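Engineer: These protein sequence lines map, in sequence, to chains A and P. The first sequence stops at residue 369 when you use our numbering, and every number in between is there. The second sequence stops at residue 164 when you use our numbering, and every number in between is there.
Treat the hints as calculated values from the structure; they're not laboratory data. None of the values given here were measured: they were computed from a predicted structure. For each residue, glycine too, the CB sits at the ideal point set by N, CA and C. Any given hint could turn out to be false.
Unchecked claim - Label-pair restraints from in silico Cβ distances: (1) L11/P to E126/A: 25 to 31 Å; (2) F99/A to L11/P: 24 to 30 Å; (3) I68/P to K182/A: 18 to 24 Å; (4) E366/A to I68/P: 17 to 23 Å; (5) I68/P to D193/A: 43 to 49 Å.
To be verified - List time: in silico SDA-like cross-link candidates among lysine to any residue, alpha-carbon distance up to 25 Å: (6) K182/A to E41/P; (7) K31/P to W264/A; (8) K182/A to L24/P; (9) K31/P to F18/P; (10) K202/A to A26/P; (11) K31/P to V189/A; (12) K204/A to W264/A.
What the hints assert, rightly or not - Calculated from the model, a selection of chain A residues having no Cβ within reach of chain P, i.e. all distances over 12 Å: (13) Y81; (14) E89; (15) L97; (16) P107; (17) N136; (18) P177; (19) A198; (20) L212; (21) L286; (22) G328.
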Amino acid sequence: MQQAGKFSSLLQIIVFALSFFVFQPFVHASEEENFNVGEMIMHHIKDAHEWHIAGPEHGGTSIYLPVILYDNGFKVFSSKYFYHGKEVEVAKKLESLSFHYMEGVGPAKGYALYHEEIYKLNKNGELHFVGEHPHNASPTDLSITKNVASLLFGSILILLIMLSVAGFYRKNGAVAPKGLAKFFEPIIVMVRDDIAKANIDKHKYHKYVPYLLTIFFFIWINNMLGLIPIIPGGANLTGNITITLFLAFCTLLVTVFSGNKNYWGHIFWMPGIPVPMKIFMIPIELIGILTKPFALMIRLFANITAGHIIVLALISIIFINKNIAWAGLSVPMALFISVLEILVAFLQGFLFAMLSALFIGAAVEEAHH
Amino acid sequence: MDLILPDFGLLVWTGLVFSLLLFLLAKFAWKPILNAVNAREQKISEALELAEKTKAEMQALKAENDQILKEARAERDQILKEAKEAANGMVEDAKGKAKDEAAKIVESARQTINSEKAAAMAELKNHVASLSLEIAEKVVRQELSSDDKQKALATQLAGEIKMN
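Let's have the full structure, built from the sequences with the hints guiding it.
Structural biologist: Shown next, in the form of structure tokens:
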């Protein structure tokens, strides 16, 4: 009992320490200007060219990630040439708007960073704003952003875990699993049996198990990494529309290329209904091919982004009220949501793989009339 | 707005990294893991099958043993019964034989006694006859010592013959 009490109080201290460690910039921000919750949250769930660790937003501790631009040849330099560049303010008196952007220095000369987008400076050496957005050309940005770094880290982590699990079986043969293999084997078997075998024809499911396993662990591990508030976690990778778009697109490709005669027959010439209806159903079914992965994309994006937003918003209560006593409310609530998010992290990975298997299963199903 | 717009650079990296990850995992992780799991499942199901078979065999063996035991017991009972019967028979036989023998002995003893008795009687008769003859001789010698007496006897004898 005493041990447990000690542990939980230690945990509380850690949670407090972490929340201050991570959200310290806003203490500084609130001293200078009014604390903007929306802006802070958006900043945290979006991609960046640096990996912010602690301290104020400008001049705090950050890992400056490499910027890779393709603009008449590759240009590679550190993002510190933007973050430590020249801050430029453009004021539009007519619309009472003002924009801040960072002009690159050194190797980043000729480019500017505005809201984590890289633009080419125009002939006058500035960004030209039309409405609220710069009208300048953008180079092809292939930078190792925070999300790319998180993607690489997560992928290497999955690879290391799974290779070590595979190594166990290689060394010990088909025996009862131990250690890491003991933890992951039931999950792997669950994906194979409850996701693949349950939804796909039992003679054809083998082919899709590696894809479903990869997609499940990719989403799950990266969801979990996103819940860790400090580096190497905390990036909103699986809540990024680009990632979910890519994953959904993969499922679309697998489904389309697995589709058999029966599947396409149901799309282009639906059996069992009158001819005018058959023609009428074609566009509906074609749209249906796209809406399924589209729903996958939106579901994962919205769930994970929403989770990050809720945790950040709850922590922000302290900074909105500018009183540490609010931590008594906001920290337990944020902790509760974080624990819930651990469940969501698994659930979303499971759902994505499950629905992918369902779509593939429908595409390879044999006619049974 | 840019929250829901895909980013080209990230898309390129994701495509690259995910494809590589899928390839590496499929080749070096999923294949050996699934193979091992399948092999073990195969092994377990085979072991279970074998256990089931062995159990059935054991049951059959036990039933057989029971049968053998039962038969052995019955046989033993049978043998015991037969032995008892044989023993009884032997005793009966012996008793009968002994009785017969005893009867025979008694019979032969009786015969011997009878013959002995007869012999003794004959001897006695002979003895008595010779004694009587001696006595008669002595009497006759005395009686017939005078003529008168001879006459008187002759008369008497004659008289007796008549009466007979």
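Engineer: The structure should be examined with respect to each hint, and the outcome stated for every one.
Structural biologist: Here is how each hint holds up against the structure:
no., hint, in the structure
1, L11/P to E126/A: 25 to 31 Å, "holds (29 Å)"
2, F99/A to L11/P: 24 to 30 Å, "holds (27 Å)"
3, I68/P to K182/A: 18 to 24 Å, "violated (48 Å)"
4, E366/A to I68/P: 17 to 23 Å, "violated (56 Å)"
5, I68/P to D193/A: 43 to 49 Å, "holds (48 Å)"
6, K182/A to E41/P, "holds (15 Å)"
7, K31/P to W264/A, "violated (31 Å)"
8, K182/A to L24/P, "holds (21 Å)"
9, K31/P to F18/P, "holds (17 Å)"
10, K202/A to A26/P, "holds (20 Å)"
11, K31/P to V189/A, "holds (13 Å)"
12, K204/A to W264/A, "holds (18 Å)"
13, Y81, "holds (17 Å)"
14, E89, "holds (21 Å)"
15, L97, "holds (16 Å)"
16, P107, "holds (18 Å)"
17, N136, "holds (15 Å)"
18, P177, "violated (9 Å)"
19, A198, "holds (16 Å)"
20, L212, "violated (10 Å)"
21, L286, "holds (22 Å)"
22, G328, "holds (32 Å)"
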